[in-house]
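Undergrad: Letter by letter, the chains look like this.
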Amino acid sequence: MTECMEKTSEKVLTKGNYAIANAAVKAGCECYFGYPITPQSEIGEFMSGKMQELKRAYVSAESELAAINMVLGACSTGAKAMTSSSSCAVALMQEALSYAAADELPVVLVSVMRGGPGLGNIYPSQGDYNQSTIGGGDGDYKLIVLAPSTVQECADLTYKAFYLAHKYKNPTILLADGLLGQMMEPVEFKKYPYPEVDNSDWALTGAKGRRARVIRSYAPKAENQCEFLKRLHAKYDLIAQNETDWEEINTEDADIILVSFGSPARNAKSAMRKAREMGIKVGVLRPITLFPFPSKRISELANTAKKFISVEVNMGQMIRDVKLAVNGRAQVELLNRPVGTPPSVEEIVEKLKKESGIV
Amino acid sequence: MAELTQVFKVPESIKKGSKFSFCPGCDHGVAVRLVAEVLDELGIRDNSILVASIGCSVTLYDFLEVDSLEAPHGRALAEATGIKRARPDKVVFTYQGDGDFASIGMAESLHCALRGENVTAICINNTTYGMTGGQLGPTTLLGQVTTTSPTGRNIDYYGYPVKIAEHIALCDGTAYSARVSLDSVPNIKKAKAAIKKAFENQLNGVGFSFVEILSTCPTNWKKTPQQAHARVREEMMPVYKLGVYKDITENN
Amino acid sequence: MSHIVIDKERCKGCYLCVDECPKKLLKVGESVNELGVRTVEFHDPGHECLGCAMCARRCPDIAITEVYRG
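Chains as they are written, first to last, in our numbering: chain A, 1 to 359; chain B, 1001 to 1252; chain C, 2001 to 2070.
No wet-lab data here; the hints were simulated from the structure. Just so you know, not all the hints are guaranteed correct.
To be clear about the criterion: a stretch of chain B counts as covered by chain A if any three or more of its residues have a C-beta under 8 Å from a C-beta of chain A, and this derived list gives those stretches [to be verified]: (1) 1042-1051; (2) 1066-1080; (3) 1085-1098.
Glycine is no exception: its CB is placed at the ideal position from the N, C-alpha and C atoms.
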């Protein structure tokens, strides 16, 4: 595996987890801190060897609590740092993510979802859409959330996660699922395509020749906290304006639009092609950024489409954001699997046939 | 007339114009000053990064002219690990209370010591959660009355207090573990020497260095500052004995 | 001659320094600072101060800001 990772100019067959890890290294990740959990353990395994080989920082942390807090520490110096984990263990990290959002630290967290709640199981899932986009930490904060749908995107969006985290000084989640983490596809590892972000005006470096810098969230005075939250949310508005990203196919004339992120979006696209052959006017909208969510575009499409179907591997989480965007102007339905493999192509086609009156 | 020599001044590492927010007579202020004096004497203030913790020490960054990161409760040594691994050339230290260090943060503290992270940790032991109003903490003594041990700490309900410096000394990655006190001026001098040693060790790259400081909480103990120091001597020191529990540099 | 400088606005009135001075040159004064504290005052008419800085080292608030020996 390590050998084929060295080839950067051509496609290699690799697992989603390895693609993420390798892309992180190529993005210049200086520090990895982690704790094992299925289905993402390959990331830490890869990093343990590679980071030491490159004389970069690697720590097998004593817990996910420690791992994410080590990332906060490293990020406070302006370093590119990350951890990776899954569902019930990302739950442990919520406190630190809230601190990182308040401290405006460029934390990168790779979250490879498995079944929950609780220990759940190790099957793929999208049960942490809410955990990622709404969050479980305290207070009014937002994390940038990127959702890959292919192994190639696992690599590409890892690059982007580091870039956006540093550009906006905001914790960023790469939200994959167990299916993407474990599946193999050909991937091309391009050169890190983003500019390096200058952090010399805020990073902790030792207060040499300047006043000391303090990275803190504690705001004992309410008026200071009001100002801070307004500024923080102005940043979120800017992120929404600049970075909202989605893929859209055949939506212009679509009566029905399948909205799906991550691995189930693959089946949604296949089902769309089959349904089109049957004359059903179907389109697909695949959110790539879950925060910021492509609400504006969905709202525009609600002027022409009659129905939106949210295809998810959970009990229906993203559907709430779709409904908010549609705002009652079209029907919104859920097609889901609670956990495990995504709704099959056939299942989606059947649903589309039923909705179009073709039985 | 003999020439005047200045033998005491406000340390350079203390933020200009800052005033400590601790209660009257609280030894936190002495501990902060000692850290500042050591940073001055070693000339490391402008190459240091402080990780502040949660508790009465939370606003330490308002008092020290040092680049600082605020860690969530108990996680200071995880943050310190991250900083040191990212920037090994920086002097990295934590300043925590006993609740932060040895209750909610015990895992982070012990594992930082076990890994032998080349950082310095200062822990204030005042046998209570001071900031929240004097509840039972990990170091609350047997028999001690707090707001959550109204009839005194008993073993059945609360278990035993932790002897932090001894536990840290057991970790193979620990270079130095000492317990000092601020109850008297001679002990304050010894405390400063221990803090200095803990920073020098980091500069020499020998591993995790730890100083537990017996301190007072006159407000929550409901004692005068003078009575509080008497309690440190009479009740705390017999259990939390002063001394150096580990020093791998001793024979060099 | 040896002496100390007190920043009265820093004094919180714990009076630990009063007990510490070997020559008993510190006492609780009459004036009150912004905190509402009767601050410590230094009286050394007989030039007894040793410049030992015991008071400053004891003070938890760096209210004794300077000590001179000579």
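Undergrad: Each hint should be assessed against the structure and marked as holding or not.
TA: Here is what the structure says about each hint:
1. 1042-1051: Check passed, 6 qualifying residues.
2. 1066-1080: Held - the region 1066-1080 of chain B has 11 residues with a Cβ nearer than 8 Å to chain A, which meets the minimum of three.
3. 1085-1098: holds (count 5)
Every hint from the earlier list agrees with this structure, and none is contradicted.
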